[in-house]
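Trainee: Okay, here's what each chain looks like letter by letter:
There are 2 protein chains.
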Amino acid sequence: TLLEGVQAHFTPKLLVGKKILITAGATMEMLDPVRGITNLSSGKMGFALAKVAMHMGAEVTLVYGHTTAAQPLVTHAFHASAASEMHATVMHHIADQDIFIGVAAVADYSPVLTAEQKIKKSEETLTIQLKRNRDILAEVAALPDPPYCVGFAAETEQVLEHARHKRLAKRIPVIIANKANTALGSDNNSVTIIDETGEYPLSSADKTSIASKILTHLYQHLSSFNNNK
Amino acid sequence: TLLEGVQAHFTPKLLVGKKILITAGATMEMLDPVRGITNLSSGKMGFALAKVAMHMGAEVTLVYGHTTAAQPLVTHAFHASAASEMHATVMHHIADQDIFIGVAAVADYSPVLTAEQKIKKSEETLTIQLKRNRDILAEVAALPDPPYCVGFAAETEQVLEHARHKRLAKRIPVIIANKANTALGSDNNSVTIIDETGEYPLSSADKTSIASKILTHLYQHLSSFNNNK
Numbered sequence: 191t192l193l194e195g196v197q198a199h200f201t202p203k204l205l206v207g208k209k210i211l212i213t214a215g216a217t218m219e220m221l222d223p224v225r226g227i228t229n230l231s232s233g234k235m236g237f238a239l240a241k242v243a244m245h246m247g248a249e250v251t252l253v254y255g256h257t258t259a260a261q262p263l264v265t266h267a268f269h270a271s272a273a274s275e276m277h278a279t280v281m282h283h284i285a286d287q288d289i290f291i292g293v294a295a296v297a298d299y300s301p302v303l304t305a306e307q308k309i310k311k312s313e314e315t316l317t318i319q320l321k322r323n324r325d326i327l328a329e330v331a332a333l334p335d336p337p338y339c340v341g342f343a344a345e346t347e348q349v350l351e352h353a354r355h356k357r358l359a360k361r362i363p364v365i366i367a368n369k370a371n372t373a374l375g376s377d378n379n380s381v382t383i384i385d386e387t388g389e390y391p392l393s394s395a396d397k398t399s400i401a402s403k404i405l406t407h408l409y410q411h412l413s414s415f416n417n418n419k
Numbered sequence: 191t192l193l194e195g196v197q198a199h200f201t202p203k204l205l206v207g208k209k210i211l212i213t214a215g216a217t218m219e220m221l222d223p224v225r226g227i228t229n230l231s232s233g234k235m236g237f238a239l240a241k242v243a244m245h246m247g248a249e250v251t252l253v254y255g256h257t258t259a260a261q262p263l264v265t266h267a268f269h270a271s272a273a274s275e276m277h278a279t280v281m282h283h284i285a286d287q288d289i290f291i292g293v294a295a296v297a298d299y300s301p302v303l304t305a306e307q308k309i310k311k312s313e314e315t316l317t318i319q320l321k322r323n324r325d326i327l328a329e330v331a332a333l334p335d336p337p338y339c340v341g342f343a344a345e346t347e348q349v350l351e352h353a354r355h356k357r358l359a360k361r362i363p364v365i366i367a368n369k370a371n372t373a374l375g376s377d378n379n380s381v382t383i384i385d386e387t388g389e390y391p392l393s394s395a396d397k398t399s400i401a402s403k404i405l406t407h408l409y410q411h412l413s414s415f416n417n418n419k
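Heads up: the sequence lines are chains B and F, in that order.
Just so you know, we're using the working numbering here: the first sequence kicks off at 191 and counts up by one.
Just so you know, we're using the working numbering here: the second sequence kicks off at 191 and counts up by one.
Keep in mind that the hints were calculated from the coordinates and are not lab data.
Quantities reported herein were computed from a predicted structural model and do not represent experimental measurements.
Check each hint, because a few of them may be wrong.
Identical chains share a label here; the pair holds if one copy fits it or two copies do between them.
Unchecked claim - Derived DSSO-like pairs (lysine-lysine); straight-line CA-CA distance at most 30 Å: (1) 310 x 356; (2) 311 x 356; (3) 308 x 209; (4) 369 x 308; (5) 356 x 369; (6) 311 x 369; (7) 360 x 311; (8) 360 x 310.
The shape of chain B in the complex, shown without the other chains (with noise of 0.2 Å):
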């Protein structure tokens, strides 16, 4: 549109030269072939952060989920379904990453087995197993030569402890913390970036202004990270 023209044309170019991989969305790990355990991502808050990035010069590429959402004109855009199909598209192409931004809400667990058929309903009850799912954001972050690492904790309560917890236990410099129920599918978000220089809580605003927030705070962060490194 006309007005993303002009944003784009007035947004500072502080990612010029940086390649930036950003997952988006919701994944669904399929129970049989038309049935699946997903979750309420609508892909908003990742492609809102990929849209603005790409204001800022990066070079884009988006892994997205299923999503509810418009998608922005990226550099390269992946489709992913599954978690396991995350995790592969995500690994094939971070090697000369310099950020990478997990936004997707990626599932934990996965069915041990899928239906190759419809299931159908046969019993008054049924059993589902799960087994864990691959934590990409994680793996990403203990490659040998990591990008720069930025994940997402969407939590119901204590979300500033749980997420506090997860940068610690991914090993990541950046998680920007939120509250799943009023974030998920909407069109606003308010969020708290923590690094390791503190907690930085941006009020509530529509996603494209957050995102912007979020992008210049993580170049600022990234300056002084890689002089630190």
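For this one, chain B is given, so just place chain F on it according to the hints.
Mentor: Below, chain F without anything else, positioned relative to chain B:
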């Protein structure tokens, strides 16, 4: 759009004076505040039927779950997320309907427990217990003075056999069989209408065209059906 206005103008007004309740889209059974079990239904077939029924002059009540398609303009529209909500919403509005078309992919099972807070990944494996949901279509068909009931069977194998069985098991006059793998999420569909007079295959076409043919068939069948009731 202009095209839709023209289409609406030239659509025979077969359903003037008829009240039709249509369900569309996927239900979502929440496991916790952010995760749930859903399916690949996009709502496109149900929305196409609702749109064409409006063009044909019907009073359309639409009960829709999770969808990725653009919602058509109808007489009344209600959102329902879980199968239990969809059941309650349908039952609340069914009383004076002439026709009920259940297109929504309603979950057959829902979790016995829904966690109040987001489930943390502490264990290597997880087990989910599911219980059978109520069968909306069968319950509507079993009402003392039921509307003319039309079901959809989206199957991955033995499509016609499963659909024939479903029509008899749910005691409904008509079922529309389609192949889940090719129908769900697609803009096109190919279906077979099954009623007590025979089986009527409609070859692949966009869902609006399929909806027109289905509603024309239903109109003709309903006329003879009411005469023989």
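Trainee: Does each hint fit the structure? Answer for all of them.
Mentor: Status of each hint after checking the structure:
1. 310 x 356: between (39 Å within a copy, 11 Å between copies)
2. 311 x 356: between (39 Å within a copy, 11 Å between copies)
3. 308 x 209: neither (41 Å within a copy, 33 Å between copies)
4. 369 x 308: between (35 Å within a copy, 11 Å between copies)
5. 356 x 369: within (14 Å within a copy, 43 Å between copies)
6. 311 x 369: between (36 Å within a copy, 18 Å between copies)
7. 360 x 311: between (40 Å within a copy, 13 Å between copies)
8. 360 x 310: between (40 Å within a copy, 14 Å between copies)
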